[in-house]
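Protein sequences, first through last, are from chains Y and D. My numbering numbers the first residue of the first sequence as 1 and each following residue consecutively. My numbering numbers the first residue of the second sequence as 1 and each following residue consecutively.
Check the hints yourself; a few may be wrong.
Said to hold, decoys possible - Stretch-level coverage of chain D by chain Y, calculated; a stretch enters the list once three of its residues show a Cβ under 8 Å from a Cβ in chain Y:
1) 139–152
2) 311–324
3) 335–347
4) 353–363
Stated by the list, open to error - No farther apart than 30 Å at their CA atoms in a straight line, the calculated lysine-lysine pairs in the DSSO-like style are these:
5) Y/306 x D/394
6) Y/143 x D/141
7) Y/115 x D/7
8) Y/137 x D/179
9) D/241 x D/261
10) Y/92 x D/179
11) D/179 x D/193
12) Y/92 x D/7
13) Y/136 x Y/92
14) Y/137 x D/395
15) D/395 x D/361
16) Y/115 x D/394
17) D/22 x Y/92
Hints in this document: simulated from the structure, not taken from any laboratory. We treat Cβ as the ideally placed atom computed from N, Cα and C, and that holds for glycine.
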Amino acid sequence: MGLRRRDFLKAAGLLGAGAAADICLGDLQKVYAQVIDGRKHLIWLVGSGDSGCTISWIQGVNPDLVDVIQQFRLAVDFNPTLMIPTGDEAVKALNNAASGTVPLDVLVVEGAVPKGNFCSVGEIAGSAVPFETWVKKLAARAKSVVAVGTCASFGGIPAAIPNPTQCRPVSAVVAPKRVINVPGCPAHPDWITLTLANVLSGITPALDGYNRPTVFFHEEVHENCPLEENDDVFAPSFSQPGCLRRLGCRGPITKADCPTRLWNNGTSFCITGPWSGGREKYPAGAPCIGCVEPGFPDPPFSPFYKQGPGDD
Amino acid sequence: MATVITKTIDPVTRLEGHLKVKINVSGGAVTDALASGLLFRGFETILLNRDPLDAPTISQRICGVCHCVHRLTSILALENAAGMVPTPNAVRIRNIEQAVTFIYSHLAHIFLLAGPDYDLYGLVPGLSEGKNVDSYNQIVKTVVLPAQRLCHEIGAIFGGKTPHHMTTLPGGVTCKPTKNAIDLALAKLGELKALASAYLPQVHAFLESNRATLENFGRGYGNLIAFGAFANPADPTNPAKHLLKRGVILNGIKQALDVGKITEAVRFSWYAAGTGGYPASEPAPQPAYAKAGAYSWIKAPRYLGAACEAGPLARMAISGLYRARASVYDRLKARLLETELLVANVEKWIGQLVAGATVYKAFTTPTNASGIGLWEAPRGANGHWVRIEGSRIKKYQVIPPTNWNASPRDGAGLLGPLEKALIGTPVADPQKPLNAMKVVRSFDPCIACSVH
């Protein structure tokens, strides 16, 4: 069952705009060629987060979630939101991977890692198992570890000042094991799926200084923002035309490909809908808040509706 | 006397977040139940001393499933504090954003979260036992994901992106609708309606043919609470004019809601004694995991001391659109009927948008003021309480729907609504308490919301 090879490659080609697709297409082809041989095992843990990245991931298109599972022959052994088994049977999947009984190709972690019993998943012999314990045990077994979302990548909102539950990014908990960070609040489904395609094929994508795949996070949002066409025109108030910097837009200090990739099947991104012929088809008008960056949501990313650092 | 078997289900999957349920089973039925929320983040502490205008964006991230309701409820609290009323066009856009989130969330519950327990309403035999997953995947691919995606795309037209749209803010919304936006939204809604009308009748048919069974368990107290949602664009701060009404039903009697009668208990929650109370004045949470007798990060909100249930059933019953009776059947049925009601209304609101009309009025944060935002999440009544002093957040309190539904016992020992609803549930095999899972999931619990 599933797409024919040609359809899949066509679907993969549609994924993402411009350079991202070119760079990743080869990897997707390699994955596809490999996975005919056997299943890949994935565990998706959710810690101190809001499941927004799970919801974002399942909105992906070309390929959609079912294509991803079928074409990559993914066995998603654990995802608390989507899995059919519950309770003991769900914990068994975690134990099987932790003990090495079932291989673990990729550990995906959504959510930051708080201290002790601020977050627990399942019981062993009547005692709650802290989320941190699972992250450590499973990361030790996993061939790759991917942190999805800003909480898992950098701590994010639960780690914001004063960090009441002592949340840490996954990388701080599993060091020295390398973690690939796919931040965003939420992460874009293409960022997640393309990164998984890379690691499933045994390839480490080029990473930036924060271990983010460079391909998605290499240019400031402001550089590619259509509103930058009106560089000298600043919106005087919300819902008015012009650059949103004076209303708090963090596009100049935030690296992500939102303006070219767009969200929700090419519908829009926070700042504006798609443009054609120098005009926007419909507006959005919300300033970028820097949700993919370490340090979000504390200063300099907030106060969100006051002008950020730097010149106009 | 029959033996008592204790069974712990942790994690309860196919819901948002970290829920543990512990039941005692005796004589083929549940005799006691404990519900525990197992993630605490401390949003009410994180928000302190920040610019009040940052509260909507940060509190929005309490939940990524009902990903725009905390944002709006927080905005309503700030607008309440400032005494400002948004423009009709802004209210319509907010209603549309909320409605597509409710519809997507209800569809996710009906098909992805609860659906497998019912073999997808007869569409996939054996699914509840983990069989025929390929044919389930096919329905997920061709119906469930496209329907959810359409909701999110409509949300992104007016919201920039979903989850976590960013265009609503105190004072209105940032996006002035254009004819392009309205036409595109209506086209996508047309596709959504086609998918819904092809599959929702099957769910209705299943519920009717299994009604006798499903209305006989999961009944609970039957006390219902709703804060109301979907404002009238001409009079948005008047809850009597909302599409879905505000009120409570206690012991079968409907009455007006007095927000001053809501309290939170922490006797069985992992917080320091004495930190509950009235949401407008209770202190920020003080975690105390070692506290004797406590078993949950969820607090226990009560209305006049009563444990009330929130959700589509409460909203529909309090609005006079459904009978005031609780069971697994009634929760599923009311959610389904509300989905259809909202699909019809979102079409109306999109049609009423005025291209180019004002959507934002300058908002001035008051230096010292208090505000309350009362709204609904897909899972039920959602409240935010804010106190602003010296233009900073002095106090912030959130009571979301699963806070009510999955609450633990209170100071008087009264069980939470979900716990109470589990009592009496028929369970043939305590190791596989499928009916108990049906009861739990009928509330569509969201633990990230409930603890926050």
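Hints, verified against the model:
1. 139–152: holds (count 6)
2. 311–324: violated (count 0)
3. 335–347: This one is violated; 0 residues, fewer than the three required, reach chain Y with a Cβ under 8 Å.
4. 353–363: holds (count 4)
5. Y/306 x D/394: 20 Å, holds
6. Y/143 x D/141: Holds. Residue 143 of chain Y to residue 141 of chain D sits at ~29 Å (cutoff 30 Å).
7. Y/115 x D/7: It holds: about 27 Å lies between the C-alpha atoms, which stays within 30 Å.
8. Y/137 x D/179: 54 Å, violated
9. D/241 x D/261: 22 Å, holds
10. Y/92 x D/179: 53 Å, violated
11. D/179 x D/193: 21 Å, holds
12. Y/92 x D/7: The hint holds at about 16 Å.
13. Y/136 x Y/92: Between residue 136 of chain Y and residue 92 of chain Y the Cα gap is close to 17 Å, so the pair holds against 30 Å.
14. Y/137 x D/395: 39 Å, violated
15. D/395 x D/361: 26 Å, holds
16. Y/115 x D/394: It holds: about 26 Å lies between the C-alpha atoms, which stays within 30 Å.
17. D/22 x Y/92: 18 Å, holds
Violated hints, listed in ascending order, are 2, 3, 8, 10 and 14; each of the other numbered hints is respected by the structure.
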